[in-house]
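Asks: Protein sequence lines, in the order shown, are assigned to chains A and B.
Letter by letter, the first sequence follows residues 1425 to 1619 in the numbering used here.
Letter by letter, the second sequence follows residues 13 to 290 in the numbering used here.
Calculated from the structure, these hints are not laboratory results.
Virtual Cβ for every residue (Gly too), placed ideally from N, Cα, C.
Heads up, some of the hints might be wrong.
As the list claims (entries may be wrong) - A partial selection of chain B residues facing chain A, derived with a Cβ cut-off under 7 Å:
#	residue
1	M64
2	I75
3	V140
4	R243
5	E244
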Amino acid sequence: MSLLRAPSAFAADFKELALPFADGVVASLRAGDLVYLSGTLYTGRDQTHRRLCALLDQGKDLPVDLAGQLLYYVGPSPARPGRVIGAVGPTTSYRMDSYTPRLLDLGLLATMGKGARSLPVREAMQRHGAIYLAAFGGAGAFLSRCVLSVELVAFADAGPEAMFRFEVLNFPAVVINDVAGRDFYEQIGTGDTPS
Amino acid sequence: MKTVTAARITEAVRGLAIAAAHDLEPDILDALVAARDRETSPLARNVLELLMRNADIASRDEIPLCQDTGICTVFVTLGQEVHIAGDLGAAIQEGVRQGYEEGFLRKSVCDVMTRNNTGTNLPAVIHVELEPGERCRLRFLPKGCGSENMSGLKMLPPAAGIPGAVDYIVETVVNAGPNPCPPLVVGVGIGGNFEKAALMAKKVLLRPLGRPSEREDVARLEEQLLTRMNREGRGVLGLGGCNTVLAVHVDTFPTHIASLPVAVNIQCHSHRHKEVDL
Ligand code: SF4
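If we strip away everything but chain A, and leave its shape as in the complex, we get (with noise of 0.2 Å):
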């Protein structure tokens, strides 16, 4: 199978997107849509979250410019040589929650990681117009697949969180927060009431 064409997923509709977002396409999506991502995101996790704010309490610039950027919460393991990363699934987003609105004050759009987010963070979120999404988590050799280039960004010593830049192909996400409020987790029923 090519490394370079990631293999489709899902038997479900999906919508593709490229990255970083054309304008109005965040706002045209909905809780529950399911997504291929194409094109560049950035990525970081607890260190990266710390370093960053440290700097913005510094007073200083962010090495990269995050305004209508996609950050993914990942740490990946370490690529085998010959091959492009190891495996990148997502991490559990609440762990970024305390830093997060101060990323969206600086124009993030979106965020991608699992799990549900804080109500600061939904509000937030609301006030930017910006979106969160969920990776499939525990998916991570699938996902490296889609992944067709990683450079380093900045924070090398925090090694599996240091800040990562990536071409992705065809990722698959689902939107759990979209710019109306909305929440899937949310919406989804128990076992019980299938939705």
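Given chain A, put chain B with the ligand in place with the hints provided.
Replies: Chain B with the ligand alone, transformed into the frame defined by chain A:
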């Protein structure tokens, strides 16, 4: 008297670490297939198929099933007739170090005060249990913290009884929502004391998946918990359907007349573990 060298232990642990990261055991793969077959939500069905595909890719491409290759627990069952030539603890740690370095696994362990990554995935957590005889069994359980963080322990009053324990256990799983990557394997320890309950909850994860407790009343409790969790839970990755939990394993131990410790260890669908007898 049987002799096992430290070098042999290191080599074995290195192999277990790498194999666990890449290959799921047949019982969890079967459980995912069974979950797919009974799944009612089309999206959840698709996701379960994606997870099966993920397992296939991981195994064939030697890439970790999940980037979080975990903090390692090693359970050693050591026969009293076994002589370890060398330092058992150091041999295990060295095996983990080699496995994580040479297997391209993620180093996810940091100092708790500074949060600086130790760079080696060390230390592993080691539990040694003695038994009569000549067996030297190593059981390797790396665990990601999306699931470990959702675990819990509560010292209930005896008046809460088993119904109180059931409520706490179900609540812990349901409140975890999508965070621990359901469908889950849930380990439960009831009784003993504070650390015994936690250890039981972790260790019982290693029981062959879905094999009921040998105690009939406990097996019934497992059934009851499984049914409630799948009724009240939010399904595969929290995206819907009837598969929040694949199996519930409960272990029990007599406790103090004033106490009812209950521990819940949550394990994700990426239920990775390997064992070997030396
Ligand atoms: S909970 Fe398990 S499957 Fe999910 S990211 Fe963590 S280790 Fe991976």
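Asks: Grab the minimum C-beta distance from R243 of chain B to chain A and call the hint holds if it beats 7 Å, violated otherwise.
Replies: The hint holds - R243 of chain B has a Cβ within 7 Å of chain A, the shortest such distance being about 5 Å.
Asks: Tell me if V140 of chain B is really an interface residue toward chain A, meaning its C-beta lies closer than 7 Å to one of theirs.
Replies: It is violated, given that the least Cβ distance between V140 of chain B and chain A is near 29 Å, above 7 Å.
Asks: Is the interface hint satisfied for M64 of chain B? The criterion is a beta-carbon contact with chain A at less than 7 Å.
Replies: 10 Å, violated
Asks: At a threshold of 7 Å, is the proposed contact between I75 of chain B and chain A supported by beta-carbon distances?
Replies: 5 Å, holds
Asks: Grab the minimum C-beta distance from E244 of chain B to chain A and call the hint holds if it beats 7 Å, violated otherwise.
Replies: 5 Å, holds
Checked against the numbered hints given earlier, the structure breaks hints 1, 3 and satisfies all the rest.
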